[in-house]
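The listed protein sequences derive, respectively, from chains A and Z.
Taking the numbering used here, the leading residue of the first sequence gets 376, the next gets one more, and so forth.
Taking the numbering used here, the leading residue of the second sequence gets 376, the next gets one more, and so forth.
Mixed in with the good hints there might be a few duds.
One copy or two, it doesn't matter: identical chains are merged, so the pair holds either way.
To be verified - In silico BS3-like links for lysine-lysine, alpha-carbon gap of 27 angstroms or less:
(1) Lys470 - Lys446
(2) Lys398 - Lys543
(3) Lys470 - Lys496
(4) Lys446 - Lys542
(5) Lys407 - Lys533
(6) Lys387 - Lys532
Think of the hints as simulated: they come from the structure by calculation, not from any bench.
Number of protein chains: 2
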Amino acid sequence: MLYDLIIVQFSKMLGNLNHILDKANQNADSRKIQMEVLLNSRLAPDQFNFIRQIQIACDTAKLCAARISGKDSPSHDDSEKTLSELKTRIEDTIKYLKGFSENDFAGGMERHISQPRWEGKYLTGHEYVVQHAVPNIYFHITTAYSILRHNGVDIGKKDFLGEMPFKK
Amino acid sequence: MLYDLIIVQFSKMLGNLNHILDKANQNADSRKIQMEVLLNSRLAPDQFNFIRQIQIACDTAKLCAARISGKDSPSHDDSEKTLSELKTRIEDTIKYLKGFSENDFAGGMERHISQPRWEGKYLTGHEYVVQHAVPNIYFHITTAYSILRHNGVDIGKKDFLGEMPFKK
Numbered sequence: 376m377l378y379d380l381i382i383v384q385f386s387k388m389l390g391n392l393n394h395i396l397d398k399a400n401q402n403a404d405s406r407k408i409q410m411e412v413l414l415n416s417r418l419a420p421d422q423f424n425f426i427r428q429i430q431i432a433c434d435t436a437k438l439c440a441a442r443i444s445g446k447d448s449p450s451h452d453d454s455e456k457t458l459s460e461l462k463t464r465i466e467d468t469i470k471y472l473k474g475f476s477e478n479d480f481a482g483g484m485e486r487h488i489s490q491p492r493w494e495g496k497y498l499t500g501h502e503y504v505v506q507h508a509v510p511n512i513y514f515h516i517t518t519a520y521s522i523l524r525h526n527g528v529d530i531g532k533k534d535f536l537g538e539m540p541f542k543k
Numbered sequence: 376m377l378y379d380l381i382i383v384q385f386s387k388m389l390g391n392l393n394h395i396l397d398k399a400n401q402n403a404d405s406r407k408i409q410m411e412v413l414l415n416s417r418l419a420p421d422q423f424n425f426i427r428q429i430q431i432a433c434d435t436a437k438l439c440a441a442r443i444s445g446k447d448s449p450s451h452d453d454s455e456k457t458l459s460e461l462k463t464r465i466e467d468t469i470k471y472l473k474g475f476s477e478n479d480f481a482g483g484m485e486r487h488i489s490q491p492r493w494e495g496k497y498l499t500g501h502e503y504v505v506q507h508a509v510p511n512i513y514f515h516i517t518t519a520y521s522i523l524r525h526n527g528v529d530i531g532k533k534d535f536l537g538e539m540p541f542k543k
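Generate coordinates for the entire structure from the input sequences, incorporating the hints supplied.
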């Protein structure tokens, strides 16, 4: 469950995001809007812009996998400014996630997870995944999606969810 | 894990949403805005409004618990128009969720889950929870949150996530 929730599903959601970026770019082209305008848009003046939402979504996935497995993660300096750079960030993150196997998460539910701004406090791996990482990644991907929807990009819930493995 | 993901965490998120509604109402009062204006706001003309986002978030939680456990769920006619009616809808859903125990979900991962518009196709319980119900509930709660943020309501990520069970 942990592996599916973190690795399989986060990879899928980041892949959906990559696909949404392509649709946004086509839409911007057809409306003669510079893609950078969309990338720098936000829903409120004191909220992060689209680029930052993507960076945080990627880091949420990367850091969750790293912390639950106890492995190191590559660092990113959040310098992306273009569509192509953002897509590379997403693809690098997916590649990093796909390097994990189920065994890497053995004992992950009980691991103590902390980060500098928690000032020495911790969550168990289980609490961190369910109450922190999962809500956070969906928060940032949905907000990125909403920024595009608000700006008239023609995307829908199916683009957000991706394909379902339906069976007959 | 399944019980925590569906019952404990969905209840928590709906409780956070209830708290966000109270903050929005106070904010509307202080700015002399009618709460109904916020409740009927949306981020794009072809996207659901705030009320509908809440109704769908509640139904996602309710139907997920019902389908995975194989139990019946109460029906709601989506007639909420006021803050008080929306809060009742949320509270009723939380009450419904809290009626489940871990045992109710035994075998839930393997259950075949379908709904009328899937035209006879199904997902396993595991696929349905990870790829459908979880992304959907966060999608609608985040969108509701974003509608308020976009309209200047003073809420932040902590209101969305709720309290973390930090330990020292």
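Checked hints:
Within a single copy, Lys470 and Lys446 get their C-alpha atoms as close as 15 angstroms, which meets the 27 angstroms cut-off; across copies the closest is 40 angstroms, which misses it. When the C-alpha separation of Lys398 and Lys543 is checked against a cutoff of 27 angstroms, the pair qualifies neither within a copy, at 30 angstroms, nor between copies, at 46 angstroms. In the homo-oligomer, the alpha carbons of Lys470 and Lys496 never lie at most 27 angstroms apart, since the shortest distance is 31 angstroms inside one protomer and 31 angstroms across protomers. Within a single copy, Lys446 and Lys542 get their C-alpha atoms only as close as 36 angstroms, which misses the 27 angstroms cut-off; across copies the closest is 22 angstroms, which meets it.
Taking identical chains as interchangeable, the C-alpha atoms of Lys407 and Lys533 lie at most 27 angstroms apart only when both belong to the same chain, with a minimum of 25 angstroms there against 38 angstroms between chains. For the identical chains of this complex, Lys387 and Lys532 are neighbours both inside a copy (14 angstroms) and across copies (24 angstroms), given an alpha-carbon limit of 27 angstroms.
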